[in-house]
Amino acid sequence: MPRMRARNLWVKVLFYGGLATVAVVLLVVFSGVAVGGFDQRAGKPIPQPVPFSHALHAGEMGISCRYCHAAVERASYAGLPPTETCMTCHSQVRAQSPLLAPVRESWEKGTPLEWNRVVEVPDFVYFNHSIHVAKGVGCATCHGPVHQMPVLYQAKSFEMRFCLDCHQAPEKYLRPREEVFNMNYQPPAEQLELGRRLVEAHGVNQANLTDCSVCHR
Amino acid sequence: MEHKPAAGDSALIQGEHTYETLSNKLAAVVEKPPPRAWWPVFLIGGLGAALLLYAILVTFIRGLGTWGINIPVGWGFDIVHFVWWIGIGHAGTLISAILVLMRQDWRDSLNRLTEVMTLFAVLCAALYPLIHMGRAQNMYWIFPYPNSLGIWPQFKSPLTWDVLAIMTYLTISTLFLYLGLIPDLALLRERAQSRFTRILYGVLSLGWTGSATHWHRYRAAYVLLAGLATPVVISVHSVVSLDFAYGVIPGWHITVFPPFFASGAIYSGFAMALTLIIPLRKWYRLEDVVTNRHLDWMAKVMLASGLGVAYIYLLEIFIAWYSGEPFEIRQQLWRFSGPYAPYYWAMMFINVGVLQLMWFPRFRHNLWVLFIVSIVANVGMWLERFVIVIISLSRDYLPSSAHLYHPTWVDWSLYLGTLGFFLFGIALFIRFFPPIAVAEMLHLLHKLRFHRHEKEGGTIPYRDGQDPHTPR
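Chains as they are written, first to last, in this note's numbering: chain A, 1 to 217; chain B, 1 to 472.
No lab work stands behind these hints: they were computed from the structure.
Please note: incorrect hints may appear among the correct ones.
[Unchecked claim] Simulated crosslink set (DSBU-like; lysine-lysine; CA at most 35 angstroms straight-line):
hint	chain 1	residue 1	chain 2	residue 2
1	A	K156	A	K44
2	A	K156	B	K156
3	A	K44	A	K135
4	A	K12	B	K25
Given the structure is predicted, the values throughout are model-derived calculations rather than measurements.
Go ahead and model the full structure; you've got the sequences and the hints to work with.
Listed below in structure tokens is the structure:
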């Protein structure tokens with residue numbers, strides 16, 4: 001009965017193939033290798049109305065983050081610069097550059113530039129820049145090497161596990177306060193020891209750092 | 001294999017049967033057109049299933065506000081019916097798993113139907129927590145899988161255990177049902193008249209040829225599954241009960257809840273099995289294989305487990321008094337005399353009072369009494385879940401938070417809908433698959449008519465002087 005055999009072979013291939021597929025899917029899901037693999041935003045450059053380069057301004061020229069994002073030490077929102085901030089330099093420097101036409105237009109009309117949002121956390125997350133800066137979390141820890149980005153992109157995918165990684169063990173990431181805005185800071189070899197001292201010195205309240213209500217209010 | 005007194009056992013299959021007549025009779029349920037009574041059940045069930053779909057749609061589109069739930073009664077009819085259906089499923093697992101390990105031959109004609117009952121009851125039950133979440137599309141959040149949130153479900157919560165318990169239950173009862181079906185599917189394949197049925201049963205029977213190797217593996221797998229399923233009979237409803245017992249609500253926070261729920265589950269499960277089997281055996285003329293002895297045994301199991309439930313009702317009152325806890329005592333008084341008192345006393349009347357009829361053989365042997373008691377018992381178990389879930393929640397600690405619960409038409413439609421879906425599913429199942437396990441029954445016939453005499457020694461005096469192997 002060769003026909004019967006052939007049919008049985010097909011049934012077996014289907015059966016064991018299906019079984020193997022299910023096993024592989026379960027393995028992939030429960031091993032966690034695919035977690036975060038579907039994030040759409042991280043690493044994707046967002047086009048802007050003005051081709052502003054952080055690599056030029058923050059990197060080559062070394063302008064401090066706070067020159068433009070002035071509210072970062074006092075407010076939950078780091079703040080975007082008003083056109084006036086751009087014009088402090090660009091009324092003199094490259095004042096006729098065609099690339100800067102939208103800036104001049106905004107300056108003349110008094111309407112703000114409409115930047116496209118790059119870094120985003122969901123609406124149900126309460127994030128405050130000032131507390132993180134005050135406790136010694138460096139800009140680059142979350143935003144990545146902004147001083148090397150000609151076009152800005154979100155460096156890390158801001159999933160909850162990203163936040164929890166630090167909230168569960170802040171000593172892994174904290175810096176001395178004076179290094180927060182240093183884009184070229186390299187953590188020392190004894191980071192954990194330094195971090196533990198900084199947790200103490202900056203008064204980080206670790207007891208409630210992983211409470212739901214710290215971020216979800 | 002050891003035998004109980006032969007007279008009792010041989011009565012398990014009545015009438016003069018050979019293998020051929022018995023398998024013809026049992027396969028006829030599927031092969032012949034259904035009896036007239038099948039159509040109304042099928043249609044009413046179908047309408048109910050449609051109503052269920054409509055109520056689910058309303059719930060999804062307009063939200064949980066269409067239900068009667070409020071604060072503090074956040075668990076309303078949805079949880080009442082979840083617990084009710086899960087309980088009903090338990091008879092199937094008990095009959096298929098525990099009784100097979102105990103080598104109770106009388107289960108052979110009951111296990112298929114009760115396993116089907118279990119499957120559809122668990123499906124009905126599983127529906128409620130899903131829609132109760134409000135955002136059913138996110139139901140996978142309750143599973144413990146590595147995720148981008150970096151957190152796990154709360155493993156200390158019985159609600160998490162509940163998910164695993166129900167999933168295990170669904171898996172095991174489906175596997176059990178399917179494994180038992182395989183020889184029967186092969187039988188139907190061989191007997192199939194049309195190409196469609198031959199392909200349908202052929203694919204489903206997974207290449208079963210009935211060889212000795214197949215039977216050997218089948219038996220091993222069956223007993224292994226029975227061993228795995230046995231703890232499930234006790235554990236599933238115990239875990240469900242912990243959903244309540246872990247809460248600090250007066251009336252819930254009692255350590256006796258797991259055995260309370262487990263015995264209630266077996267009680268309601270056997271009651272539902274009787275409700276289904278009594279009409280089924282009449283309509284399909286299966287009195288030969290589902291004898292009055294079977295029904296008598298089921299009624300006895302119902303009585304035994306029901307007495308456990310009744311005992312704990314009385315114990316609850318005692319515990320409330322003995323605890324000296326003012327809120328527990330107030331909760332008991334609220335049940336006795338609050339606005340929901342009729343529900344409480346109806347529950348007591350049925351599950352403590354009506355149940356006692358089952359002591360008397362006269363009532364156990366009267367099909368009408370048995371049928372009505374079996375229906376009333378499930379009304380009683382419904383009332384019990386109403387008492388536990390809704391009466392307890394409607395009044396907890398603060399008098400200011402007390403609030404009564406008024407179910408809406410959506411709540412009622414969901415309930416009637418699952419009843420319809422249950423009937424619809426079972427009606428469809430017995431249209432395509434035999435509701436009595438043919439292979440098990442042939443095996444039983446072989447044991448009863450063949451090996452009994454062999455044991456007694458000498459030649460084999462067949463009951464009617466004829467070898468059951470030869471067709472008439």
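Going through the hints against the structure:
no.	hint	in the structure
1	A:K156 with A:K44	10 angstroms, holds
2	A:K156 with B:K156	32 angstroms, holds
3	A:K44 with A:K135	29 angstroms, holds
4	A:K12 with B:K25	34 angstroms, holds
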